[in-house]
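Undergrad: The chain contents come next:
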Amino acid sequence: MHKINKLLIGITFSPNLKANIFEAVRIANMFNASLVGVHVGEKNDKKISKLDALLKEADTLKKDFNVIWQEGKPVDVILQTCTNQNIDLLILGAVQKENLLKHYIGSIARKITRKAPCSVLLLIKPSVKRVKCKHIVVNGLEDEKTSKTIRTAVLVSNALNCKKLTIVEEIKQEELHVIVSDDKSLRRANINKERIKTREDLRIKNILKDIDCTNLTIKTQSIFGKRGYSIGHYAKVKRADLLVMNAPSKLGILDRIFPHDLEYILSELPTDVLIVK
Amino acid sequence: MKKKSTFKIFVSEIPNNLFAGFVVSLIALPLALGLALASGAPPISGVIAAIVGGTVVSLIGGSNVTITGPGNGLVVVILAAITTLGNGDMHQGFLYTLAAIVISGVLLIILGFLRMGSLGDFFPSSAIQGMLAAIGIGIFAKQIHVMFGNTAAKGSIIELLIKIPEGFINFITTTNSSMFYAGLVGFVSLLIMIFYSKIRNRYFQLIPAPMWIVVLSVGLYYYFDLFSTASYPIDKALLINLPDDILSNFAFPDFGKVYEISFLNAVIGITLIASIESLLSIKAVDKLDPLKRRSNINKDIKALGLATVISGFLGGLNVVTVIARSSVNVNNKGSNKSANFFHAAFLLAFILLFATELRKIPLPALAAILVFTGYKLASPENLVKVFRVGREQLIIFLITLLITISTSLITGILTGIFVTFIAHIIINKNARLFFKNALKPNVLMFKEDGKYYVSVQNFSSFLNYTKLKSKLNQIPEKEEVIVDFSLCDFVDHSVMENMNNYAQTFARKGGHFEVIGLDDSKSVSEHPFALRKLLHIKANSFQNVLTKRQKSIEKISTEMHWTYNAFSAQEMKELPTFGYFKKREISKVSNVLSNEDCSIFDVQFSEGELIAKQVIKATMLHIHPQKEVPDFTLDKEGLFEYILHFTGYKDINIEKHPDFNQRFYLAGKSEEKIRAFFTDELILFFESNQHYHISATENGILIFGNERLASVKEMKALAYFGMSLQKII
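As they're listed, the protein sequences go chains A and B.
Taking my numbering, I'd label the letters of the first sequence as residues 1 to 277.
Taking my numbering, I'd label the letters of the second sequence as residues 1 to 729.
Some hints here could point you the wrong way.
[Claimed, not checked] The calculated label-pair distances, taken between Cβ atoms and stated as ranges, are: (1) B:Lys451 x A:Thr217: 42 to 50 Å; (2) A:Ser14 x B:Ile728: 39 to 47 Å; (3) A:Glu142 x B:Lys451: 22 to 30 Å; (4) B:Ile425 x A:Thr217: 40 to 48 Å.
[Unchecked claim] In the DSS-like style, the derived pairs of lysine-lysine whose C-alpha atoms are separated by at most 30 Å in a straight line are: (5) B:Lys360 x A:Lys236; (6) A:Lys63 x A:Lys277; (7) B:Lys509 x B:Lys451; (8) A:Lys145 x B:Lys469; (9) B:Lys376 x B:Lys478; (10) A:Lys73 x A:Lys236; (11) A:Lys277 x B:Lys440; (12) A:Lys50 x A:Lys129; (13) A:Lys197 x B:Lys292; (14) A:Lys197 x B:Lys551; (15) A:Lys236 x B:Lys287; (16) B:Lys555 x B:Lys509; (17) B:Lys588 x A:Lys132; (18) A:Lys172 x A:Lys115; (19) B:Lys236 x B:Lys440; (20) B:Lys236 x B:Lys471; (21) A:Lys50 x A:Lys145; (22) B:Lys299 x B:Lys8; (23) A:Lys184 x B:Lys376; (24) A:Lys47 x A:Lys134; (25) B:Lys236 x A:Lys236; (26) A:Lys236 x B:Lys376; (27) A:Lys236 x B:Lys617; (28) A:Lys193 x B:Lys236; (29) B:Lys509 x A:Lys184; (30) B:Lys8 x A:Lys134; (31) A:Lys219 x B:Lys548; (32) A:Lys193 x B:Lys440; (33) A:Lys184 x B:Lys469; (34) A:Lys145 x A:Lys184; (35) B:Lys376 x A:Lys197; (36) B:Lys292 x B:Lys360; (37) B:Lys447 x A:Lys184; (38) B:Lys636 x A:Lys219.
By construction, these hints were calculated from the structure, which means they are not laboratory data.
Just so you know, these numbers come straight off a predicted model, no measurement behind them.
Quick reminder that beta carbons are idealized off the backbone N, C-alpha and C, glycines included.
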C-alpha cells in the first residue's frame with residue numbers, strides 16, 4: 001500500500017452515522033483520496049436526504065464521493081464492492097466493547113475484516129470533531145508482511161501528522177528456549193532475552209533503513225508474551241491512537257475457537273486498528 | 001575455576017550442615033514415628049520415608065535448605081486410605097495404601113515433567129487455609145485420645161471431637177494403671193511441647209522438644225528397669241512397635257485394588273496434598289534461605305515423586321517437603337542440600353543403633369507431639385487472621401473446614417474453590433467478567449527505561465493467577481518492578497497475598513516491587529491482603545482503606561516533612577488553567593502530598609467524550625514559584641506531543657547551549673521573557689536531571705513524567721526534582 005487512492009465506508013443509518021461520515025471524510029482528505037460509500041439496503045429519499053445533509057455539514061471533500069446502494073448480505077456486498085471498485089482501504093466503525101445486543105454489528109465487522117481483500121481500518125471512536133493522532137503502534141513481527149506494514153504505518157503517520165511511532169516486536173515465549181525455574185535458568189533466560197532483543201532491533205533497523213522517516217520519532221519495544229495479545233494490551237496501556245497490524249495469513253475455524261494473533265485484537269479492540277493487506 | 005570454588009565452599013560448609021542435619025534428625029525421629037502411627041501405619045514406615053526422602057531429594061532435588069520426610073497433611077489422607085482400602089484389616093489396608101503411594105509418586109514425577117508442580121496455585125488461599133485447619137483438627141481429634149492412653153477410640157473426626165471430655169474423665173478415673181501412666185506421660189509430653197519455647201535456657205534448648213520427650217520417656221523406662229523395684233507400669237501394647245530385624249522386614253505394596261474407585265480416590269488425595277504441602281513448604285523455606293536462592297520447584301517435585309516411589313516400595317510413607325523441620329535446619333545454619341542428606345544418615349544410624357531403646361517409647365508421648373502440631377495447624381489464631389482479611393474469607397475458610405472434616409479432603413477443597421468463586425461473583429455482582437475472561441491472556445510485561453512494567457487487565461484472581469505468576473517469575477529479583485492493576489476490575493485475596501510475597505522477596509534481594517492502580521478500589525476490610533474491587537463511581541463518600549502505596553506515601557511524607565491527604569476532596573483550581581488540561585476534564589484529585597509551595601498528587605481525568613472517553617490517571621507535581629514565571633512548555637525533544645496547545649510557537653533556541661537546544665523542545669508565548677528566565681544554572685539543571693514534561697503559567701509549574709500513576713519511588717524522585725527546581729528559581 002504505497003498510496004491510498006480509494007476509500008470505502010459502509011453506511012448504516014445508526015446513531016454513529018454522523019461520526020463515521022465525518023471521520024471518513026477527514027481521512028479521505030488526509031490521504032487525498034476519493035471516497036466510496038456503500039449502503040446495504042434499499043435506496044429511498046429519506047436516506048438520501050439525510051446523507052446529503054450530513055455531507056454538507058462535514059468538511060468539503062477534496063476528491064469525489066459516490067454512494068453505492070445495493071441489497072443483499074452485508075458481508076458479501078461489502079467484500080464484492082471492495083474488489084469491484086479497487087478499494088485500497090475499507091473503513092469500519094466498530095463498537096468498543098460489544099455487549100450482547102450489539103454483537104451482530106460486531107460479528108459482521110469481524111467477518112469482513114477476516115476476508116477483506118484490502119486493508120481495513122477499524123474505528124472504535126469515530127468522532128465528529130477531530131481528535132489528533134499522537135501515537136501510533138505498529139507490529140514488528142518476524143513476518144514477510146511486516147516490512148510493508150511498517151512502511152504503511154510511516155505513510156499513515158505522515159498523513160495524520162503523527163510524530164510518534166512505536167514498533168512493537170512481540171516475541172513468543174517459546175523462542176527463549178529456556179524455562180525459568182531457578183536462579184541459573186533465570187540468568188540464562190535474561191541473557192537470551194537480551195540477545196533476541198538485539199537481534200529483533202537489528203531486524204527492524206534493516207527494515208527502517210530504506211524508509212524515509214525524518215519527521216518521526218521511532219521507538220522499538222520488545223515484548224515477550226502471547227503474540228497478537230501483547231500488542232493490543234500495550235496499545236491500551238500506552239493509550240496509542242492507532243494500532244497497525246499485519247493481515248492474518250489464513251484463518252480457519254480452529255483459529256476462532258483457539259484465538260490468536262489478530263483474533264485477540266478483534267475480540268476486544270484496544271484502540272483504532274489498521275490491518276494492512 | 002568457578003566450579004572448584006563452589007566445591008570448596010561446599011566442603012567448608014560441611015561441618016555446619018552436619019550439625020544442622022543432626023539437630024533435624026533429633027526432631028525427625030519422633031515426628032516420623034508419630035506421624036506414621038497417626039496415619040495408622042507401622043511406625044517404621046515414617047522413618048523409611050524420612051531416610052529415603054532425605055537421601056533422594058538431597059541428591060537430585062532442586063531446593064537448597066529444605067528437609068523432606070513424612071508430612072503432617074498426609075496423616076488424614078493416609079489414615080482414610082488405610083481404613084477404607086483395608087475394610088477393617090489395617091495391615092492389608094496399609095499394603096494397598098503403599099501401592100497408592102507408589103502411584104502417587106509416579107503422578108508427582110509426571111506433574112514435575114509437565115511443570116505442573118505448582119498445583120497449589122490454582123487453589124484460593126483461604127480454601128487451602130481451611131483445608132490445613134481441617135487436617136489439624138483431624139490429627140488433634142484422633143491423637144488426643146491416644147495421648148490419654150486410649151488407642152481404641154474410633155469414629156469420624158466429629159465423633160472423636162465430641163468424645164474428648166469423656167476421654168479425659170476416663171483417663172482420670174481409670175483403674176487401669178498402664179493406661180493412667182501412659183496418659184500421664186502423654187500429658188507431661190504435651191506440657192513440654194507447650195512450654196519448651198518459653199524456657200529460655202541455652203542448654204535446655206540444645207535438644208529440641210520432641211527429642212526431650214523421647215529422651216525422658218526412654219529414661220523413665222530405664223529408671224524402672226534399673227533403679228526402681230516396681231516394674232514398668234505401661235503395658236507393651238502402649239509402647240512403640242518396631243520390627244525385630246529392621247533391615248530385612250520391608251512391607252511390599254499390594255497392587256490388587258488398582259482398578260477400584262476408592263483406590264483412585266486415595267491416589268488423588270495423596271498426590272494433591274503432597275503437592276500442596278511440598279509447594280507451600282518450599283515457598284516458605286525459600287523465604288528463610290540466608291543465601292536467598294530460588295528453588296527449582298518442578299525439579300524438587302520430580303525428586304519428591306521418585307523418593308515417594310522408592311519409599312513406597314520399601315514400605316515407607318510418601319515423601320514431602322516439611323516446613324517445621326526445614327526451619328529448624330535453617331536456624332541451625334544448614335546451608336545446602338547436604339544437611340538433608342545428613343539428617344537421613346543420622347536417622348538411619350539411630351534406627352539401627354538404638355532400636356531397643358526406641359521400642360521403649362510410649363505411644364502417648366508421640367501422640368502429644370502430634371496433638372501439639374494439630375493444634376498449631378488449626379489454632380484459633382488462624383481463624384482470627386482469616387477474619388481480619390474479610391468476612392467472605394472467613395466464610396470460605398469455615399465452609400472448606402467443615403466440609404473437609406465431615407466428608408473427605410478432596411470434596412472439601414473442591415467445595416472451597418467453588419465457594420470462593422461464588423463469593424467473587426456475588427461481590428462483583430457480575431459473573432460475565434469471570435466467564436468471559438477466565439481463559440484469555442490478561443498480563444502484559446515489558447521493560448522500559450530499565451524498569452519492568454506489568455499491567456493486568458480484566459480481573460486477577462486464583463483462577464488466572466498462574467498467568468501473572470509466570471511473568472513475574474521471569475524478573476530477576478534485583479530489578480525494579482511496577483505492577484499496575486488499574487485496568488483490573490477485581491483483584492482477589494490470593495493474588496494480593498502473593499503480591500505481598502513478591503514484594504518481600506524483591507526487598508530481600510535488593511530489588512523493588514510495587515503495586516499501583518488500587519488506590520481507587522474498594523476494600524472489604526482494613527487488612528493489606530483484602531480483596532479489592534475497582535469502583536467506577538466518581539464519588540468520594542465511602543471511607544477507603546489505605547492501600548500499601550498510600551501507606552508508603554504517607555511514610556515518605558513524614559520523612560520529608562510534607563503533609564499528606566489520601567482522600568482530599570480539594571479542587572485544584574489552578575489545574576484547569578494549564579494548557580494540558582484545556583481539553584481534558586479533571587474528575588478527581590487524590591493522594592495529595594504537599595508542603596508550602598509544592599504538591600504532588602494523582603489526578604484522574606478523561607479525554608474525549610462518550611464512547612471515545614478514556615479515563616486516565618497520572619501523577620503530577622505542581623509548584624507555586626515565589627517569583628513570576630513566564631508561560632512555557634519544556635519537553636524532551638520529540639518525546640511528548642502536547643505542543644499542540646501552543647501551535648504557532650516555535651522551538652526557542654537558547655544561545656550558547658546547543659546541547660540543550662538539541663535535547664529539549666521549549667516553546668512559549670513571550671520569547672524574550674523565556675530567554676531571560678532560562679539562566680545557565682537552570683539549563684544545567686535540566687540537562688543533568690531526569691527529563692519530565694514541564695509546563696508553566698502564571699499559576700505555577702506543572703511537572704510530570706509518564707501519563708500514568710507513579711510508583712512511590714518515582715514520586716520521591718519527582719519531589720526532589722521539584723524541590724531542587726524550586727531552589728534554582
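Undergrad: Run every hint past the structure and note whether it holds.
TA: Structure-based check of each hint:
Range check, B:Lys451 to A:Thr217: Cβ separation about 20 Å, and the 42 to 50 Å hint is violated. A C-beta distance of roughly 56 Å is found between A:Ser14 and B:Ile728, which places it outside the suggested range of 39 to 47 Å. Take A:Glu142 and B:Lys451: their Cβ atoms lie about 26 Å apart, and the range 22 to 30 Å holds. The beta-carbon spacing between B:Ile425 and A:Thr217, approximately 46 Å, falls within the hinted interval of 40 to 48 Å.
Restraint check for B:Lys360 and A:Lys236: not satisfied, since their Cα atoms lie roughly 71 Å apart, outside the 30 Å limit. Taking the CA atoms of A:Lys63 and A:Lys277, the gap is near 24 Å; set against the 30 Å cutoff, the hint holds. The straight-line distance between the Cα atoms of B:Lys509 and B:Lys451 is roughly 16 Å, inside the 30 Å bound, and the hint therefore holds. Our distance criterion of 30 Å between C-alpha atoms is broken by A:Lys145 and B:Lys469, whose separation comes to about 33 Å.
With a C-alpha separation of about 35 Å, the suggested pair B:Lys376 and B:Lys478 falls outside the 30 Å cut-off, and the hint is violated. The straight-line distance between the Cα atoms of A:Lys73 and A:Lys236 is roughly 33 Å, outside the 30 Å bound, and the hint therefore fails. Restraint check: the Cα-Cα separation between A:Lys277 and B:Lys440 comes to about 26 Å, which is no more than 30 Å; the hinted pair holds. For the hint linking A:Lys50 to A:Lys129, the alpha-carbon distance of about 19 Å falls within 30 Å, and the restraint holds.
At roughly 29 Å between alpha-carbon atoms, A:Lys197 and B:Lys292 fall within 30 Å of each other, so this suggested pair holds. With a C-alpha separation of about 37 Å, the suggested pair A:Lys197 and B:Lys551 falls outside the 30 Å cut-off, and the hint is violated. About 36 Å separates the Cα atoms of A:Lys236 and B:Lys287, which puts this hinted pair outside 30 Å; it is violated. For the suggested pair B:Lys555 and B:Lys509, the alpha carbons sit about 22 Å apart, so the restraint of at most 30 Å is met.
A threshold of 30 Å between alpha carbons decides the hint, and for B:Lys588 with A:Lys132 the separation of about 24 Å falls inside it, so the pair holds. A C-alpha spacing of about 26 Å is found between A:Lys172 and A:Lys115, which places the hinted pair at or below 30 Å, so the restraint holds. With a CA separation close to 63 Å, the supplied pair B:Lys236 and B:Lys440 exceeds the 30 Å bound. For the given pair, B:Lys236 sits about 58 Å from B:Lys471 by alpha-carbon distance, which is inconsistent with the 30 Å threshold.
This hinted pair does not check out: A:Lys50 and A:Lys145 have alpha carbons roughly 41 Å apart, beyond 30 Å. As the CA atoms of B:Lys299 and B:Lys8 are separated by approximately 25 Å, the hinted pair is consistent with the 30 Å bound. A distance of roughly 36 Å separates the Cα atoms of A:Lys184 and B:Lys376; the hinted pair therefore is violated under the 30 Å criterion. Among the hinted pairs, A:Lys47 with A:Lys134 is inconsistent with the structure: their alpha-carbon atoms are about 35 Å apart, more than 30 Å.
For a cut-off of 30 Å, the pair hint linking B:Lys236 to A:Lys236 is broken: about 74 Å separates their Cα positions. A threshold of 30 Å between alpha carbons decides the hint, and for A:Lys236 with B:Lys376 the separation of about 48 Å lies outside it, so the pair is violated. Distance check on the hinted pair: A:Lys236 and B:Lys617 sit about 13 Å apart at the alpha-carbon level, within 30 Å; holds. A C-alpha spacing of about 66 Å is found between A:Lys193 and B:Lys236, which places the hinted pair above 30 Å, so the restraint is violated.
Only pairs whose Cα atoms come within 30 Å are accepted, and B:Lys509 paired with A:Lys184 is accepted, the gap being roughly 15 Å. Between B:Lys8 and A:Lys134, the direct Cα distance comes to roughly 59 Å. Violation of the 30 Å bound is thereby established for this hinted pair. Of the supplied pair hints, the one linking A:Lys219 and B:Lys548 is violated, its CA atoms being roughly 33 Å apart against a limit of 30 Å. Annotation: proposed proximity of A:Lys193 to B:Lys440 holds, straight-line Cα distance about 24 Å (limit 30 Å).
Taking the CA atoms of A:Lys184 and B:Lys469, the gap is about 18 Å. The hint holds against a cut of 30 Å. Simply put, A:Lys145 and A:Lys184 have alpha-carbon atoms about 37 Å apart, too far for the 30 Å limit, and the pair is violated. A C-alpha spacing of about 50 Å is found between B:Lys376 and A:Lys197, which places the hinted pair above 30 Å, so the restraint is violated. For a cut-off of 30 Å, the pair hint linking B:Lys292 to B:Lys360 is broken: about 42 Å separates their Cα positions.
Taking the CA atoms of B:Lys447 and A:Lys184, the gap is near 21 Å; set against the 30 Å cutoff, the hint holds. A C-alpha spacing of about 14 Å is found between B:Lys636 and A:Lys219, which places the hinted pair at or below 30 Å, so the restraint holds.
This entry does not satisfy hints 1, 2, 5, 8, 9, 10, 14, 15, 19, 20, 21, 23, 24, 25, 26, 28, 30, 31, 34, 35, 36, going by the numbered hints stated previously.
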